[in-house]
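Order-wise, the sequence lines are chains A and B. For the first sequence, the positions run 1 to 249 when the numbering used here is used. For the second sequence, the positions run 1 to 307 when the numbering used here is used.
Note that these hints are calculated values from the structure, not bench results. Note that this is a predicted model, so its numbers are computed, not measured. Don't be surprised by glycine CBs; every beta carbon is placed ideally from N, CA and C. Misleading hints may appear alongside valid ones.
Computed from the model, here is a short list of chain B residues facing chain A with C-beta under 7 Å [claimed, not checked]: (1) A55; (2) R70; (3) Q84; (4) H284.
Output of the computed footprint for chain B on chain A, the stretches with three or more beta carbons under 8 Å from beta carbons of chain B [stated by the list, open to error]: (5) 17-30; (6) 97-109.
Label pairs and their computed distance ranges (CB to CB) [what the hints assert, rightly or not]: (7) S34/A x G258/B: 56 to 62 Å; (8) A40/A x R67/B: 46 to 52 Å; (9) D127/B x R170/A: 45 to 51 Å.
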Amino acid sequence: MNAVDTAPAAARPRSLVSLLALYRLLLRTQITLSRLLGIAALGSLAVVIGLFIRWDENPNQAAADAVVSYGLGILVPFATLWLGTSVVGDLVEDRLLVYLWLKPVPRWQLPAAAMLATISAVVPLTALPLAASAFAAGAADIAWPAFLAASLAALAYSGVFVAAGLWFRRAIWWGLAFILIWENVAAYVVDGLARFTVIGWASSVLGMAPDIEDELEAGSAAMALVVLPAIAIAGWLIATWRYRRADVD
Amino acid sequence: MTSEPRIAAENVSKWFGALVAVSDVSFDVGPGVTALLGPNGAGKSTMFRMLCGLARPSKGTVRVLGRDPRTDTGVSRLIGLAPQQEGVFEPLTAREFVALSAKLHGLPDPWGAAGAALERVHLDPSDTRRLPTYSKGMRQRAKVAQAIVHDPPVLVLDEPLTGLDPRQRMDMVALFRGLGSEGRCVIVSSHVLHEVERLGSRVLVMSQGRLAAAGDFRELRALMDDRPMRVRVRTDRPRELAGSLLAAGTVVGVRLDGADVLELDTADARALSHALAPVAREQHARLFEVQPLDADLEGVFRYLVQR
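Next up, chain A with everything else stripped away, as it sits in the complex:
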């Protein structure tokens, strides 16, 4: 008997089946309870801030400012960094990637599943509290734009940080520097640089609400709806390229 001739040929799995299997695996293995509780605690702080803003003379602008400075400047990027870099980065560090790499699955699927798993946790735990904070501030007009801005920012950051997790060892430190220096200092200090940042475009989405002044002025809200997913796609393509070429330990 010859095993080559007789072995039942395992077919290439249908894309959706393998993508779903990877997504569920990453959700179960990497999105841990402690991480979720940590992000939920940060998210609940947004609601508390909203309650304090309630007494501001212009609650809409104050709520929008809080969404930008705390929500888009701290909550969303740090939450996405925490999960996004670890979702694949931990597999690399724990030398578990070998179990996924040596499978007849298109290489684009693991980064895609990692981004989906990251977004699945980050959006409910950050975008919803930010929308809730707008309601708490009595600025209901801001709620939907805040939710959309946070969701799109999470999408863009997930592409960046999943790629970073595949690219760098201890990517979380690289990501921290990126958030603090590029997204939170350079975007505000250097004129015109905001259009090269996620926070700049995410804050533009808040322009969908009436009478909101956008300090960063990266571009129009309509343009932001294109740019932020484009950043996510770019991150996903880079992650896929890196994953395809990586030496797996």
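Fit chain B to the known structure of chain A by using the hints.
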């Protein structure tokens, strides 16, 4: 053996900066069990990573069933790998772990296939405990199960016997031999000589990144038995014992160390092992300790490399 190579490595080298992990290694592996033997750090795992396409050779070529495992993702359908690392997906049960492999291989009934693979390595598919609660031996078997779940014609098993108890080793060796006898190419790495002996297989020996020897295990065993060896013996009559062994020609040199310790140099370790007890009995000498001084695997491989 090599008339129908399933795995072919040709002048393969792999270096990481200045560190050369594998140096100019060539071999063919056909159906049946082949052992890749070598001490820790010999380059076995790096070689396996290249065989599976997980790492790109710095130089040379690797082919699995005639295809490049690095660039041809379809080859992964034909390979089952049980890696050396101990890490596992912590939240998963053994069945979930093996079913994941089955799903990613596109098997129509992943749970059924996972159950069958687990039974084949003597693990209970209905066990609901998570993998980290398993003993090392059980985790090893789960890793082998995920490697065989899709019934691949080529199996690459990196130190699969580590952590198994003697009974489990015996069962696992029988499984590997069975898989080999079905016409599969099974390549198993080990740094333990007697494990390889049980596999009764063709052997590739790696040391310091190089292929030190290749061939039938019995030929290798004979080579190792022929090498010069030093044995330490503690006895209550060292001078009498030494005299008799020298007279019999079993040893070529003797050194007395203290009142009761002998260091014997022999060119034929097997002859010495057969002669020592009868000579001691003849001399009314009691043997308290017999210890080969350079029988560690590193020494064996050094000898093979230097030949």
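Taking the hints in turn, this is what the structure says about them:
{"no.": "1", "hint": "A55", "result": "4 Å, holds"}
{"no.": "2", "hint": "R70", "result": "10 Å, violated"}
{"no.": "3", "hint": "Q84", "result": "9 Å, violated"}
{"no.": "4", "hint": "H284", "result": "58 Å, violated"}
{"no.": "5", "hint": "17-30", "result": "holds (count 7)"}
{"no.": "6", "hint": "97-109", "result": "holds (count 10)"}
{"no.": "7", "hint": "S34/A x G258/B: 56 to 62 Å", "result": "60 Å, holds"}
{"no.": "8", "hint": "A40/A x R67/B: 46 to 52 Å", "result": "48 Å, holds"}
{"no.": "9", "hint": "D127/B x R170/A: 45 to 51 Å", "result": "36 Å, violated"}
Checked against the numbered hints above, the structure breaks hints 2, 3, 4 and 9 and satisfies the rest.
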